[in-house]
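Enquirer: Top line first, the protein sequences correspond to chains G and V. Under our numbering, the first residue of the first sequence carries the number 1, and numbering increases by one thereafter. Under our numbering, the first residue of the second sequence carries the number 1, and numbering increases by one thereafter.
It should be emphasised that the hints constitute simulated quantities derived from the structure, not laboratory data. Be a bit skeptical, because a hint or two may be false.
[As the list claims (entries may be wrong)] Below, simulated DSS-like cross-link-like pairs (lysine-lysine); rule was C-alpha separation at most 27 Å, straight line:
1. G/LYS102 - V/LYS80
2. G/LYS102 - V/LYS479
3. V/LYS495 - V/LYS545
4. V/LYS479 - G/LYS78
5. G/LYS78 - G/LYS7
6. V/LYS545 - V/LYS527
7. V/LYS37 - V/LYS99
8. V/LYS478 - G/LYS102
9. G/LYS46 - V/LYS478
10. V/LYS248 - V/LYS216
11. V/LYS527 - V/LYS495
12. G/LYS46 - V/LYS479
13. V/LYS527 - V/LYS478
14. G/LYS7 - V/LYS479
15. V/LYS216 - V/LYS495
16. V/LYS478 - G/LYS78
17. V/LYS313 - V/LYS223
18. G/LYS102 - V/LYS97
19. V/LYS248 - V/LYS37
20. G/LYS46 - G/LYS78
21. V/LYS99 - G/LYS102
22. V/LYS478 - V/LYS248
23. V/LYS388 - G/LYS102
24. G/LYS78 - G/LYS102
25. V/LYS545 - V/LYS478
26. G/LYS7 - V/LYS478
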Amino acid sequence: MAQHSRKGAQFQAVTASLLVEGLVVYLTRDNRWSESLQDAEVAEGKEAGEALLARAQPFVANNVVIDTYLFEVEPGEKGLVASSVREQIRQAGPTVRLDLGKQAELG
Amino acid sequence: MYRYDEFDHQLVNERVAQFRDQVSRRLTGELSEDEFKPLRLMNGLYLQLHAYMLRVAIPYGTLSSRQLHKLAEIGRTYDKGYGHFTTRQNLQYNWPKLKDVPDLLAELASVEMHAIQTSGNCIRNVTSDQYAGVAADEIEDPRIVSEIIRQWSTFHPEFSYLPRKFKIAVCATPDDRAAIRVHDIGIQVVRNDAGEIGYEIYVGGGLGRTPMIGKKLIDFVPKVDLLAYLESVMRVYNMHGRRDNMYKSRIKILVHEIGAEDMRRQVDAEFAEVRKAGHLVLPVEEIARIESYFAAPAYETLPAVSPEFEAAKAADKGFADWARANLAAHRVPGYAIVNISLKPIGGTPGDCSSDQMDVVADLADMFSMGEIRVTHEQNLTLAYVRQKDLHALYQALEANGLGTANIGLITDQIACPGLDYCALANARSIPIAQRISERFQDLERQHHIGELKINTSGCINACGHHHVGHIGILGVDKKGVEYYQVTIGGAADQKTAVGDIVGPAFTEGEIVDAVETIVETYLDIRKDGERFIDTYRRVGVEPFKETLYATH
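All chains should be modelled from the sequences, with the hints used to inform the complete structure.
Expert: Here it is, written out as structure tokens:
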């Protein structure tokens with residue numbers, strides 16, 4: 001499984017791809033999958049992170065999502081922001097096609 | 001061009017039906033992702049950063065206008081109205097949905113296309129020279145042998161589970177436009193002293209984490225023995241290639257570790273065995289049948305110099321600029337090879353909208369016998385254009401954003417999709433290429449600089465061929481931040497070389513200035529008539545290091 005967080009990351013969220021569409025989604029506080037990072041549940045600390053990731057597993061078993069993993073986020077003034085460039089691009093869409101991806105669809 | 005026979009049709013249609021069933025079983029949960037992943041990869045379907053990505057094979061880069069229209073239609077129906085031409089002459093769709101892929105593949109099959117051999121540890125889609133059949137100094141159309149290899153390698157049971165992927169490229173002119181020395185097997189079509197056509201074979205080239213230049217194993221393999229020789233190489237690799245470590249599993253590592261001499265000895269021994277069995281002697285009639293598909297089209301008898309062409313160049317500066325950069329000499333008088341740049345200033349290298357694909361397909365019908373080639377440098381080529389039609393063709397291209405006059409110049413860059421699309425990438429490639437393109441957009445300056453190839457990869461896997469760029473840029477990740485390492489002196493032609501690293505990596509903010517410093521250094525020290533690569537070969541890396549890091 002891909003590892004996109006870092007050891008000692010304080011805040012983490014869980015992401016995956018929808019099996020049918022392949023689109024990027026985030027595990028929410030009410031145990032759904034949302035295309036918006038702002039809906040994501042944030043786990044603080046290592047143990048909470050592992051528990052959050054474990055919560056994603058039934059969705060893998062039920063063929064809703066694939067490729068689940070934890071990644072580091074930072075709560076900011078305008079909401080949650082992914083820490084790495086990679087996850088920022090995944091969350092928004094290609095930086096060279098601002099008309100595509102979540103940046104275009106979610107506003 | 002080659003047309004499928006009944007076996008090809010059956011094979012591709014059966015594959016679509018199989019994959020339809022596999023997708024259906026995956027969606028119902030009968031297959032787990034672990035079970036399904038190798039199956040989807042055998043059909044060119046990856047999971048990328050934002051969505052699935054489907055890689056469509058374009059064998060040896062040749063397309064009919066009907067096929068290109070279909071690719072355009074698929075882009076509109078199943079994707080977001082565009083596709084991306086890759087350094088392996090393939091086309092990638094960036095946004096297909098898993099549930100749609102069986103229908104998409106059925107659409108491809110209706111025009112004799114598929115996604116077979118675009119992924120997995122098999123012999124991949126064979127690549128070749130975009131000037132096949134029309135280059136003046138060509139020994140024989142390299143697509144003949146490419147097609148033979150396609151038929152031999154597709155679903156070859158012995159070579160479907162190799163230690164790692166395996167790439168073959170073919171070239172038939174002294175100028176190598178297919179980068180054969182950085183492929184697992186590179187085939188150079190040659191003629192021996194007796195006037196017979198055969199093949200010089202290079203083995204063990206490759207880019208990626210451990211770049212290697214292919215070693216010549218044999219000077220001349222007769223036509224009838226080509227598959228026997230290739231099979232012998234494959235057997236030695238299949239037997240001894242490492243399966244315990246994916247970073248050491250390519251044939252380049254095997255050849256490097258045992259040496260070219262031992263590799264040659266083992267291949268020769270296997271070759272003797274294969275020939276003894278006699279199964280793989282290529283029937284002369286079959287070679288002739290395939291040759292007939294690549295016979296020269298019915299050319300008109302035209303004057304070597306077209307007055308219409310000359311007059312249009314004198315009257316239209318934009319056309320003259322385009323003709324200067326984008327045309328290549330044709331073997332038939334009165335014709336030209338036209339390169340269509342997919343590198344507009346500030347654009348994404350290799351991207352082509354569905355509308356543009358339709359335009360190119362229509363123009364191919366009007367001006368170039370309905371055939372299009374894809375280049376490994378991510379451009380398109382029309383191979384049969386009458387010089388007197390060039391101006392009309394240019395005007396139509398220009399009106400559709402396809403008239404960029406920069407082939408072989410500094411803004412004609414190779415770039416992989418990078419972190420904007422690719423799940424493996426560490427850094428973005430496309431924005432770097434775009435900003436370099438914008439910095440050097442002045443055409444006069446581009447011509448003043450002359451031939452200069454800048455290749456950018458977003459990770460060490462080197463899809464952007466950075467090792468063999470005259471200037472190579474490799475994106476790296478340092479604690480979640482993008483940095484760019486620069487090499488210079490690489491080349492993928494007949495003097496193939498892996499570039500030298502100049503020093504510490506640059507930030508995203510510094511990289512374009514660094515490229516400009518390299519270019520200015522070259523302009524300062526070049527001698528008359530020297531291209532960038534010539535100057536580098538004369539002076540080495542030191543003068544460039546000095547100017548690049550002078551202030552550090």
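Enquirer: Next step is simple, just say for each hint if it's right about the structure.
Expert: These are the hints, each one checked on the structure:
1. G/LYS102 - V/LYS80: holds, 14 Å
2. G/LYS102 - V/LYS479: holds, 25 Å
3. V/LYS495 - V/LYS545: Given pair V/LYS495, V/LYS545 holds - Cα atoms ~23 Å apart, limit 27 Å.
4. V/LYS479 - G/LYS78: Judged against 27 Å, a Cα distance of about 23 Å means the pair holds.
5. G/LYS78 - G/LYS7: holds, 25 Å
6. V/LYS545 - V/LYS527: The given pair, whose Cα atoms are some 19 Å apart, holds under the 27 Å limit.
7. V/LYS37 - V/LYS99: Holds. V/LYS37 to V/LYS99 sits at ~15 Å (cutoff 27 Å).
8. V/LYS478 - G/LYS102: holds, 26 Å
9. G/LYS46 - V/LYS478: holds, 23 Å
10. V/LYS248 - V/LYS216: Cα-Cα ~21 Å, so holds.
11. V/LYS527 - V/LYS495: It holds: about 20 Å lies between the C-alpha atoms, which stays within 27 Å.
12. G/LYS46 - V/LYS479: Holds, at roughly 19 Å.
13. V/LYS527 - V/LYS478: Between V/LYS527 and V/LYS478 the Cα gap is close to 39 Å, so the pair fails against 27 Å, i.e. violated.
14. G/LYS7 - V/LYS479: holds, 12 Å
15. V/LYS216 - V/LYS495: Status holds; Cα separation ~13 Å.
16. V/LYS478 - G/LYS78: With a Cα-Cα distance of about 26 Å, the restraint between V/LYS478 and G/LYS78 holds, given a limit of 27 Å.
17. V/LYS313 - V/LYS223: Distance ~44 Å between V/LYS313 and V/LYS223 Cα, so the pair is violated.
18. G/LYS102 - V/LYS97: Since the Cα atoms of G/LYS102 and V/LYS97 sit roughly 16 Å apart, the hinted pair holds (cutoff 27 Å).
19. V/LYS248 - V/LYS37: holds, 23 Å
20. G/LYS46 - G/LYS78: holds, 25 Å
21. V/LYS99 - G/LYS102: holds, 20 Å
22. V/LYS478 - V/LYS248: Holds. V/LYS478 to V/LYS248 sits at ~25 Å (cutoff 27 Å).
23. V/LYS388 - G/LYS102: Roughly 48 Å separates the two Cα atoms, so the pair is violated.
24. G/LYS78 - G/LYS102: holds, 16 Å
25. V/LYS545 - V/LYS478: Holds, at about 22 Å.
26. G/LYS7 - V/LYS478: holds, 15 Å
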